[in-house]
Amino acid sequence: MNSAKTNSGTTQNLSVSGKRLTEFFQTVSGLFLFTIEFFKKVFIPPYEFAEIKKHMDELGVKTLPIVSVTGFIIGLVLAMQSQPVMIRFGAGSFLPGMVALSVVRELGPVITALIFAGRVSSGIGAELGSMRVTEQIDAMEVSAINPFRFLVVTRVVACTFILPMLTIYVIFIALTGSFLAIFLSQGISFQLYLNAVVHSVQFSDIIPGIAKTFFFGFIVGIVGAYKGYNAENGTEGVGKASTSSVVISSLLILLVDMVLVKVTLMIWSN
Amino acid sequence: MAEVEVRNLSKSFGDSVVLDNISLKINEGENVVVFGRSGTGKSVLIKCIVKLLEPDSGEVFIEGENILLLSENKLNEVRKQIGFLFQGSALYDSMSVRENLAFPLIRNFNFTTKEVEAKVKSSLEKVSLEDSIDKMPAELSGGMKKRIGLARTIITEPKLILYDEPTTGLDPITTKEISQLIVELQKDLKTTSIVVTHDLICAKIIASHAVVLKDGKVKYEGNLENLVSTSDPFLRDFFTSDILEVKNGSNK
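These protein sequence lines are chains A and B, in that order.
For the first sequence, position 222 matches number 222 in our numbering, and the numbering has no gaps at all.
For the second sequence, position 69 matches number 69 in our numbering, and the numbering has no gaps at all.
FYI, nobody ran anything at the bench for these hints, they're computed from the structure.
Since no wrong hints were added, every one of them can be taken at face value.
Each computed DSS-like pair below joins lysine-lysine, with the alpha-carbon atoms no more than 27 Å apart:
| # | chain 1 | residue 1 | chain 2 | residue 2 |
| --- | --- | --- | --- | --- |
| 1 | B | Lys-114 | A | Lys-54 |
| 2 | B | Lys-114 | B | Lys-80 |
| 3 | A | Lys-54 | B | Lys-119 |
| 4 | A | Lys-53 | B | Lys-135 |
| 5 | B | Lys-51 | B | Lys-190 |
| 6 | B | Lys-187 | B | Lys-126 |
| 7 | A | Lys-40 | B | Lys-74 |
| 8 | A | Lys-53 | B | Lys-114 |
| 9 | B | Lys-80 | A | Lys-41 |
| 10 | B | Lys-74 | A | Lys-41 |
| 11 | A | Lys-62 | B | Lys-135 |
| 12 | B | Lys-51 | A | Lys-40 |
Only chain B is shown next, with the shape it has when bound in the complex (with noise of 0.2 Å):
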């Protein structure tokens, strides 16, 4: 399990602030979801986390390491313990969905062709796909593209596991089995999850800790639930109706 302390980060993109000294801690184990409208730097606050954007100040800790601060190799060395899912999925095109998940695994690490070849055929049987595992990404439907992008993340094992975006343009019900089987490999790997979503439905399956971006800034911090009752009228705006939807057609 890995614990993430990001402090006083801050990002622009010419005169657009994103990210304005945001701080976050997230504990060992945790599924935290950040929300907030579109344009609000989530994505960018967990691309800043591993480094795939370089914030303009600020500090970001992967188990007591300033990963900002770290040299290439010592970087991708912490990366390895991360897993990452792309809102696309980002599956390579050029290779079929077992390169897709062989592929880090022959890049960073000593496994034989046969310890490979398990570790994708037990992946794939985890987001219920091993039939695909010699189709290419074109012919994948969008559900299938996230789950097959789930498998990817998750075959290194990675201790952090981000997730941007995980059930957009999804069906309802895809969206309710994307969401479990992140809970289920959360409890199965025991990592620490960080959610980017807009998704209600997929929050309240996953979230342990619930984060709000406004203008570039920690709106929120603290328990779903609590959101529910709160007073402030753009939380309200954002949360009340369509939790309450939820909470209600779970009831049922």
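Here chain A stands alone, though its shape is the one from the complex (with noise of 0.2 Å):
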């Protein structure tokens, strides 16, 4: 009888772990598919300018107050953390030059992609899930217009092209946290502290730091209109649509940073 139940179990396990393959190949699939629709649409015109500025606004507008708090937060705290262990090792004039290469490279980039995703990732889902299980989707296609093209396309480029401008935005407002940090243990004035950091950052830490961030953000805007334009069974779908676009382009951006940062070793190792 015991055993009865436990091959039960295991059946019920098995099936329950296939469902979910099933649907994590549903999801890349889809994704993939997805994809090449959105390039497929975004070069030919007519071009949503309009509509893409306007995105880029909202972004903008939504996201900043946070990145700016965390951005100044990161600088003040790395460089509180990093001192003591810099300065046991004599090292304490590297200290801005350190924070600066890891706020540049990496911090910068992938904590506001994160940030990034959490907000904007989830809203477009929710935004246009809500589209799809109230018909305002099917309403826009059967007047003629493409909302593939004025909702998807539109928000993709808005993202892949406001991140970017973001990041550089909480570089400099990390850079300020770390300052204040080091000026207050140390003393330091604002000129010393600028030439050590421009000393230590080179245009190959820019470049790559910066040019990720243009994938991270197709990242969020793709996944989040993916799941929110594909939403089903009503509002609880749009709740679902909603979490698995932050979970999804918050996996993939760390994800493509890993790959990003071996390719980018290996271009710029010299």
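Put the two chains together into one complex; each comes in its own frame, and the hints tell you how they fit.
In structure tokens:
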């Protein structure tokens, strides 16, 4: 009897795992086809510049306060945490450079992208999801207006171009935070801090750091739009689209970052 | 005006067959009401007619063109001649009433700003909601949303209008008003209309022709009045008592 119960439990677990695996592959293939559809539509006129600008304004304004606070705290805390160790090893003067390199190459782009994913991907997922379940997308389609071009392409393009701008802003805010921490503990002048930063950070540090945020922005936009555009099952589906947008885009940002760091190191190793 | 013909249309969702080899012909200028119990595929039928849903098999002709075979651009040209009123009105949440109405005009036609404004106001006048021009959809009641949805549907002066449950969830007085409005608009614009509804008050006012769907097939097609004298138990259960009540009510 116990063995029969165990068998039934194992079958049930296998069936749940199988269902999840199927869902995973459906999402991957769906996202892939959705991305292909995006590239088919994005280069063909009419270009929705006004709509793209509107979304860039909205996304920028929506995310600015939270990335400002986060950027400032990251710079401040990174300097505070690193300072004792750097001083212990007699490398206190390298602190501004170390913080700047960390922020420019990795922390600035990745943290901004993750916050952007949490704020924007879920928003796009919920907005398009709610439009899908209330038949607004169908209404657009039946009015001879291509909803994919109007709703998806514009949002993805806006995300792709606004995230690099936000990242540059966050890097400056983080450097301000780190200056404050070092100034309060060591009394460093702004001129000295700036010199140390400028001498440490090379062009080859800035370009890959900013360039990868175009990919991150694209991921945030395309995942949010895919989940929202294909939402089903009413309000429950909207909630799921919103949540899974954040999870998938955050995970993809970290995976793509890993790949891009490797590629960057291969290209700029010297 | 537009003529619509559906030939051998079938549509399934998984194992569930919703439309099973349906054929229908709707003549120019007719007001056809499609009845059926919930889940019998009424909405699916009209969504297949405008290719919002892709049928599994069959053909849909609008003014002689099989729309299922058209390219995206040509399909959009046909869709410019079609209006569709959704069950929940489907007003764009992020746009005001003015923007909702102007949206299809700005996107699909070359009207000047003044012409667009004039058409928006004229459409709102037809549904008696001129004062709501600057409101957002969230500020409107259910009946107002239906009227605005109707104004947006007719603003492009379509030749064919499809109504998905236009009076569901409305009180009997608003139902009657919306139904009369549909008839007036049909007379003004000389459109062909297909109305999906459960609502017999609405049907009585609108219908010049009735279609009943059951288990994915056409159970009845013909005059609405003839349904009263039907001997079929399903049709009798579905219609007789309510139609008589409506008739008696209207006679009084």
